[in-house]
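**Student:** Each chain, written out:
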Amino acid sequence: MIPAAGISASPADAQVRPVRASSLMRRSLRLWRTRIGLILVGALVLLAIIGPFVAPHGQSAFIGPPFSNPSGKAPLGTDHIGQDVLSRLLNGGGSILLTAIIATAAGLIAGTVIGMAAAYARNALDDVLMRGMDVIMAFPQVMLALVAVAVVGPHNWVIVLAIALTTAPRIARVARGAALPVVERDFIACSEAMGVPRWRILFVDLFPNILGPLMVEASLRLTYSIGVIAALAFLGLAPNPGAANWGTMIQENRIALAVQPWGAAAPIIAIALLTMGTGLIGDGIARTAAGIDRARGAE
Amino acid sequence: MNRFRSGGLTGFMLRRLLLGLIVLLMVSLVVFAATQALPGDPARAILGRAATPQSLAALRRHLHLNQPVIQQYLTWISGLLRGNLGMSIAAQQPVTTVLGPRLVNSSVLVAVSAVASIPLSIAIGSWAALKREKIFDTLSTNLLLALAALPEFVVAVILVILLATTVSQVLPAVSEIPPGSGPWDHPSALVLPVLTLVIAVAPYVSRIMRASMIEVLESDYVEMARLKGLPERTVMIRHALPNALGPVFQVIALNLAYLAGGIVVVEYVFNYTGIGSALQEAVVNHDLPVVQALAMLIAAVYILLNLLADVATILVTPRLRTRL
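Heads up: the protein sequence lines correspond to chains A and B, in order. As numbered in the working numbering, residues 13 to 311 make up the first sequence, in order. As numbered in the working numbering, residues 227 to 550 make up the second sequence, in order.
Excised from the complex, chain A in its bound form:
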């Protein structure tokens, strides 16, 4: 939707030397925001992984009257049909996280390859690829996912494909922007002269040089993917309507916010902390990458 707020998506941020991903991560950990983000994301991921094993009740077990308030048996009360909110909270994060990670990774890979190829080609291929990306970007992410689900049905693979498809052009733009100044540099011409195969130039020479902006954009896209996937479930289009899902829970239990707020508030808090966490990590990496650029400019 929106490039990384102009911090490092501009071609001017192209780096003089490659920043290793590990060193960028390490440096960004000096910032508090990155640490807080990692703690938040770590806690929520842990909750999603361990949750199903420690849940006190089955995710579809009826344990009391609908919308009953928190009690010893159900610490967060019950939901719209009398299931345990805590157990559903513990069970409901896995599918969102897994779908978001797979979809973002797929979009990241496709977008990076397309963006690098476009920047490297600098000819008609560049135009064709990037205008194709424009076509996909003319659809808001939620809308394309909705249309895909309308036509094919709410299956996991449809959602993954729709998110990956809408993530790729946004990544491709950043990758191309970052790669454009790099492909003009002498070491690329040198590799070409030495007869290095094209795929090696792209992945060994070019790729490490655009990692900084890519990592920033990737964390931003992950934040959005989580939001869109949860929103689809919220709109009533979860792949498995009966299963616990944070988005579905908010939708099912929000009518009773005045009497039993936890049914909707608990998954709201979970999603909010998760996306804030990924957002903070992304911002930490962005600041670090921008800081490295500034320091180099002063050299």
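These are calculated hints, taken from the structure and not from any lab test. Treat the hints loosely; a few may be bogus.
Claimed, not checked - Computed footprint of chain B on chain A; a stretch qualifies when at least three of its residues, placed anywhere within it, have a C-beta under 8 Å from a C-beta of chain B:
hint, segment
1, 150-156
2, 192-203
3, 264-275
4, 281-288
The beta-carbon is built from N, C-alpha and C at its ideal position, and this holds for glycine as well.
Fit chain B to the known structure of chain A by using the hints.
**Tutor:** Quick look at chain B alone, frame taken from chain A:
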């Protein structure tokens, strides 16, 4: 991109317009292919497994499915150009009749949100840039960062918890606009949806405004203006602001376009009677003509806003004009 460097500003605008039209044409192909030309039978997808052969045949005729695919596309696209969007399957009325009033409602929602959020975020961003690293800057930057990460429906439900149900009940939780009346008849119904959209947009615009303003404030010409002894107000309003706004236009347009998608979820949360909730309903009801019309409409708005952003950026940034 500008391989054909001729024609100055008009030429540039014409080229962008042409490019936008080409993208729109491609979009129409994608929408059509996705909704109608897919392998499989759209009529059966709409009516479900229990449909009788007669009703299937009737619907196929209705959707022109008995014609060749190219013919179907041409019928659809020429209807689209003449403002004939077909019949809504769920409502049994022309799509234009179904969507017309809802389009007005949604436009009002987006317009009010834009009018509220843009000056606000420009002010926040400029102020944060002026008071860089002071309390206001630190607070607003971190708060906006946290808000930016929240999905809109999460923001919306949090606002409902805070202002319409659990914590306090000062505003209605449901913003239905009854047929025959406009959103202006129900101002209190607009508050929460608008607030949600403002929170969704303001972080990005104010963030880019802050970055852009900081860059401008460090530039030589602002230094020069200050050294000339101009009052700080004049320096800000006459010299810094116009130049800082350039990159912001792009982000504002992107965010307005984003609003076009964001209203789908926000309208659904508040049961607001607009095109966003119409899209959600059409998807659930398999009402493909409505899905097609809305997909084309939202994509067209998106392309148009991007176009305007490019032109506006060029117009407000003198140094870019010479490069055309």
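**Student:** Against each hint, give a clear statement of whether it holds in the structure.
**Tutor:** A quick look at each hint next to the structure:
1. With a cut-off of 8 Å between beta carbons, the segment 150-156 of chain A has 6 residues touching chain B; three or more are needed, and the interface restraint holds.
2. Only when three residues or more bring their CB closer than 8 Å to a CB of chain B does the claim for the segment 192-203 of chain A stand; here the count is 0, and the claim is violated.
3. For the segment 264-275 of chain A, the stated coverage by chain B holds: 4 residues have a C-beta nearer than 8 Å to a C-beta of that chain, and at least 3 were required.
4. Interface restraint, the segment 281-288 of chain A with chain B: holds (4 residues with C-beta to C-beta distance below 8 Å; minimum three).
Figure legend: structure checked against the earlier numbered hints; the only hint not met is number 2.
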